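Peer 1: Just need the whole structure built from these sequences, with the hints factored in.
2 protein chains.
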Amino acid sequence: MQLKVQPIDIKVGKYKVILNTIDAKELGVNKGDRVRIKNHTTLTAIVDFTEDMISPGMIGLYHEVQEQLQREWTEIVEVEPAKKPKSTRIIRKVMDGFKLERDEINELVKDIVEENLDDIELAAFLTATYIRDLSEDETEWLTKAMIDTGERIEFSSSPIMDKHSIGGVPGNKITLLIVPIVAANSLLIPKTSSRAITGAGGTADLMEVLAPVEFTAQQIKEMTEKVGGVIVWGGATNIAPADDKLIKIEYPLSIDPHCQLLASIMAKKGAVGAQKVVMDLPTGAGTKLPDIKAGRKLARDLISLGERLGMDVDCAITYGASPVGRTVGPALEVIEALKVLETMEGPNSLIEKSAVIAGMLLEMGGVAAKGQGYDLAIETLKNGKALAKLKEIIEIQGGNPDVTHKDIKVGEFTAELTAPANGYILEFYNKRIIQIARLAGAPNDKGAGVMIHKKRGQSVEKGQPVLTIYAEKKEKLADAIKSAREDLPIIVEGMLLEKVGDITEI
Amino acid sequence: MQLKVQPIDIKVGKYKVILNTIDAKELGVNKGDRVRIKNHTTLTAIVDFTEDMISPGMIGLYHEVQEQLQREWTEIVEVEPAKKPKSTRIIRKVMDGFKLERDEINELVKDIVEENLDDIELAAFLTATYIRDLSEDETEWLTKAMIDTGERIEFSSSPIMDKHSIGGVPGNKITLLIVPIVAANSLLIPKTSSRAITGAGGTADLMEVLAPVEFTAQQIKEMTEKVGGVIVWGGATNIAPADDKLIKIEYPLSIDPHCQLLASIMAKKGAVGAQKVVMDLPTGAGTKLPDIKAGRKLARDLISLGERLGMDVDCAITYGASPVGRTVGPALEVIEALKVLETMEGPNSLIEKSAVIAGMLLEMGGVAAKGQGYDLAIETLKNGKALAKLKEIIEIQGGNPDVTHKDIKVGEFTAELTAPANGYILEFYNKRIIQIARLAGAPNDKGAGVMIHKKRGQSVEKGQPVLTIYAEKKEKLADAIKSAREDLPIIVEGMLLEKVGDITEI
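In the order they appear, the protein sequences are chains A and B.
Start counting the first sequence at 7; every next residue gets the next number (my numbering).
Start counting the second sequence at 7; every next residue gets the next number (my numbering).
No lab work stands behind these hints, which were simulated from the structure alone.
Be aware that one or more of the hints could be misleading.
[As the list claims (entries may be wrong)] In silico DSS-like links for lysine-lysine, alpha-carbon gap of 27 Å or less: (1) Lys303/B / Lys17/A; (2) Lys437/B / Lys31/A; (3) Lys254/A / Lys31/B; (4) Lys99/A / Lys294/B; (5) Lys89/A / Lys488/B; (6) Lys105/B / Lys37/A; (7) Lys22/A / Lys303/B; (8) Lys37/A / Lys44/B; (9) Lys105/B / Lys31/A; (10) Lys17/B / Lys294/A; (11) Lys294/A / Lys22/B; (12) Lys31/A / Lys479/B; (13) Lys479/B / Lys437/A; (14) Lys488/B / Lys479/A; (15) Lys10/B / Lys17/A; (16) Lys44/B / Lys90/A; (17) Lys17/A / Lys20/B; (18) Lys150/B / Lys254/A; (19) Lys90/B / Lys31/A; (20) Lys92/A / Lys22/B; (21) Lys303/B / Lys99/A; (22) Lys90/A / Lys303/B; (23) Lys488/A / Lys150/B; (24) Lys105/B / Lys31/B.
Just so we're clear, the structure is a prediction, and the values are computed from it rather than from any experiment.
Peer 2: So this is what it looks like as structure tokens:
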């Protein structure tokens, strides 16, 4: 069918065209079917249609299709129906409970990276893997395909160290301590991190307080070779792009299928050339792992997948039901981490957790004897080598190496949340703390967040401050206070949960 | 957050707004999250975002949101994050394998009808029900909720008859005979039909050759009460709209979850007030039911669901591996059906199947004694009462009642496909016949289709015509011929499947 091209300069993240309903009927295609523009055989685009946006006789080409055609087309193009990519049948196979072959997984991941699949097809795939999971073989192939379809970093020296936390615990700023400790002991650690999607601050959001975090894979390699480590945002690279595209659908569905979680973590590590990795698995109420049993299961799977990929993986099952340290939100967390590096003053939970995990890496990397890693980590903190190394990292990433914790600005609007009764703090809800920090503006407003004065198990007196909320904007502070008051993030023993007036029957 | 409204006059079939990425970050919302426009608490819209289409400080309102706000908004609106509808958690429950409560299903169906769910959320729901299926209770509640969320027809008399074919067999024009036979015997049969999505012609596409098919529920009721029956397009009504919205996602995913299939069929029947229904379940190669066992299972489930809904359901498991009659495509099928009504001349498969199913309805409706339905159906065809009734139906729907089979125009471009060898026809691929008819232009070009001269089991001589392809457009005929020649829809015993030249090793 001959149609007149109407360029639509909107990015939709897919190769998509839009037809008038009349032409779609004539062409015999439905929403979600594929069409090809003749003489452009490489491009198969997903069809959408409309009764009003595009007139009959026209074909709307979204931005990505225009790019793919290199903006070279005749005014009139010949459009023909095309088959759906083979990947749609591969997804169906997963839904039907059949095991996939390696080349099917490769095909699928290629189509994911090349944006050949519609969002609902990806949603079906993720839902199917959420319900049915993938086998160990399939997960290995998925991980390898994710690595192979993106940029890779190959270092000439070894070992290459890495760490990863599966998240779920607020205030987990340990990477800001671990990377400098490890790098200060002559190991290479090219740490790519994420920004918060649902949290109050990912490691990349934190590091951005100190230095730029967006670099190419090549830059990451060069910087790591120069100073031993970096702390950058993985999303700015083209490392394991299939993972990013799947996360865009996983997030709105609020699912994280087990096999995808494994593949996602390990592909990001594999692609940067990591050989020895420690996984931080926070467990407990409010985290992603309800109990230590779930933590052990995930640990076994990560270690096993690591073996298949030739990667040495150790796992640290950590306590995650309470925030790490006493701050949540980018600037507040950076201040807390810098203070430890500068003065060794700070919350025990932060220093201990960082030193334990850094110690594991030091042992795995062969720079500390078995059982000596923790001590070396503490020593590296105490003797200022970790701070010096962080300054090198900040400098090479383009930040100011002379920064101290006193230079970091926090939000100017603050409010205190006080204890509603005398007693011990019985419950401390991670998710509510994150919510309050987000309402206050974190992670987008770097100075927004929450400072925690009392944690679970500590005693408080009525009226004593429990939290301080920081915000850069007055309205955001008001939103955060309102939410915190309506649904307190802590429970003090003996406090009234709700007050109900006399009930009068009418 | 205060944003300036930018109306976008595009229908997206959802309540959707679009923000610039910068504002979305500031607001703390991601793609697929929900926002509310303050002072318009009834509306929660799905968020999409863009880096280029909408400038920072603006909010794009798609057509449906504008409608919902009744086109009354101030230039600047206050936008705030909103919770996802409860239905998203209900979908998650299905994914996790938990049974749903009745009020959860009601909530979910309400949100489906009100377009509160994003396509990927619907895809996750359908994938989950495809993999896990729903229980009998859940399926009953789903069906009832589908009925209750749309228009209903309530007749004052009874019984109300209906029939349904689950499809999958080409040329199944039996409704054009069954409805007049049943109505001619003083029973009411308000038949709503579908248009073809993947087929070469749905019953609504066929009937449209004879008369308009788009009516409201009220009109369907009135016409049925006047002449005893109608054959209309269900899609023009607001009957069980949840089903239509689910089908829009099922089709591109090429899935038809068992519970959805049941609910879809029964909701459409329940909503028009049907009390006694015959289901035509074609089985065999190329249909939706591979064998008679699968047919029996579906029959049991339909009958059982019918009982729960107070509907008397009988099922006819029919042979579907070969087309019904000898024509495929709207005009050709109508000619074949009219000819039977006018002259009793026509393919045995068409007359027999129609009379058997009509006979079952006549017995269920109490106008034929047990075992006498078939004879009464044949009698009603022979004595011209069925033809007279069809003319009444055509007339009340606004068509020309004087039409005869000779008046129906078929495509002027034709081509014959001949037997490639002498022998018996061993295979006859339904799906290929449908594909060829579609390539020739069916169902959109009413005159396009395929006439079948030889069916499975018949003997042919090399060069003898097996099919004639009809098209309204020369190019479409060429496409259909090309496809038919490349991949023959029949296999004649002894014919060469592929010719491979001498293989020379280099």
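Peer 1: The structure should be examined with respect to each hint, and the outcome stated for every one.
Peer 2: Evaluation of the provided hints:
Taking the CA atoms of Lys303/B and Lys17/A, the gap is near 47 Å; set against the 27 Å cutoff, the hint is violated. Straight-line distance between C-alpha atoms of Lys437/B and Lys31/A comes to about 19 Å, which keeps the hinted pair within the 27 Å bound. With a C-alpha separation of about 15 Å, the suggested pair Lys254/A and Lys31/B falls inside the 27 Å cut-off, and the hint holds. Restraint check for Lys99/A and Lys294/B: the C-alpha separation of about 17 Å stays at or below 27 Å, so the hint holds.
This hinted pair checks out: Lys89/A and Lys488/B have alpha carbons roughly 16 Å apart, not beyond 27 Å. A threshold of 27 Å between alpha carbons decides the hint, and for Lys105/B with Lys37/A the separation of about 32 Å lies outside it, so the pair is violated. In summary, the hint linking Lys22/A to Lys303/B is not supported, as the alpha carbons are separated by about 40 Å, beyond the 27 Å threshold. Between Lys37/A and Lys44/B the alpha-carbon distance is near 34 Å, which puts this suggested pair outside the 27 Å criterion.
Between the alpha carbons of Lys105/B and Lys31/A the distance comes to roughly 39 Å, so the proposed pair goes past 27 Å and is violated. Annotation: proposed proximity of Lys17/B to Lys294/A is violated, straight-line Cα distance about 38 Å (limit 27 Å). Proximity of Lys294/A to Lys22/B is assessed by CA-CA distance (about 30 Å); at most 27 Å being required, the pair is judged violated. Between the alpha carbons of Lys31/A and Lys479/B the distance comes to roughly 15 Å, so the proposed pair stays at or under 27 Å and holds.
A hinted pair counts as satisfied when its Cα atoms are at most 27 Å apart, and Lys479/B with Lys437/A does not qualify at roughly 63 Å. Using a Cα cut-off of 27 Å, the hinted pair Lys488/B and Lys479/A is violated, with the two alpha carbons roughly 67 Å apart. Between Lys10/B and Lys17/A the CA atoms are separated by roughly 21 Å; this keeps the pair inside 27 Å, and the hint holds. For the given pair, Lys44/B sits about 42 Å from Lys90/A by alpha-carbon distance, which is inconsistent with the 27 Å threshold.
Our distance criterion of 27 Å between C-alpha atoms is met by Lys17/A and Lys20/B, whose separation comes to about 19 Å. At most 27 Å may separate the alpha-carbon atoms for a hinted pair to count; Lys150/B and Lys254/A exceed this at roughly 35 Å. At most 27 Å may separate the alpha-carbon atoms for a hinted pair to count; Lys90/B and Lys31/A exceed this at roughly 35 Å. Pair hint Lys92/A plus Lys22/B does not hold up; C-alpha atoms about 31 Å apart against a cutoff of 27 Å.
Between Lys303/B and Lys99/A, the direct Cα distance comes to roughly 23 Å. Compliance with the 27 Å bound is thereby established for this hinted pair. Distance hint between Lys90/A and Lys303/B is unfulfilled; the C-alpha atoms sit about 31 Å from each other, more than 27 Å. A distance of roughly 41 Å separates the Cα atoms of Lys488/A and Lys150/B; the hinted pair therefore is violated under the 27 Å criterion. The hinted pair formed by Lys105/B and Lys31/B fails the criterion: a straight-line CA distance of about 36 Å is larger than 27 Å.
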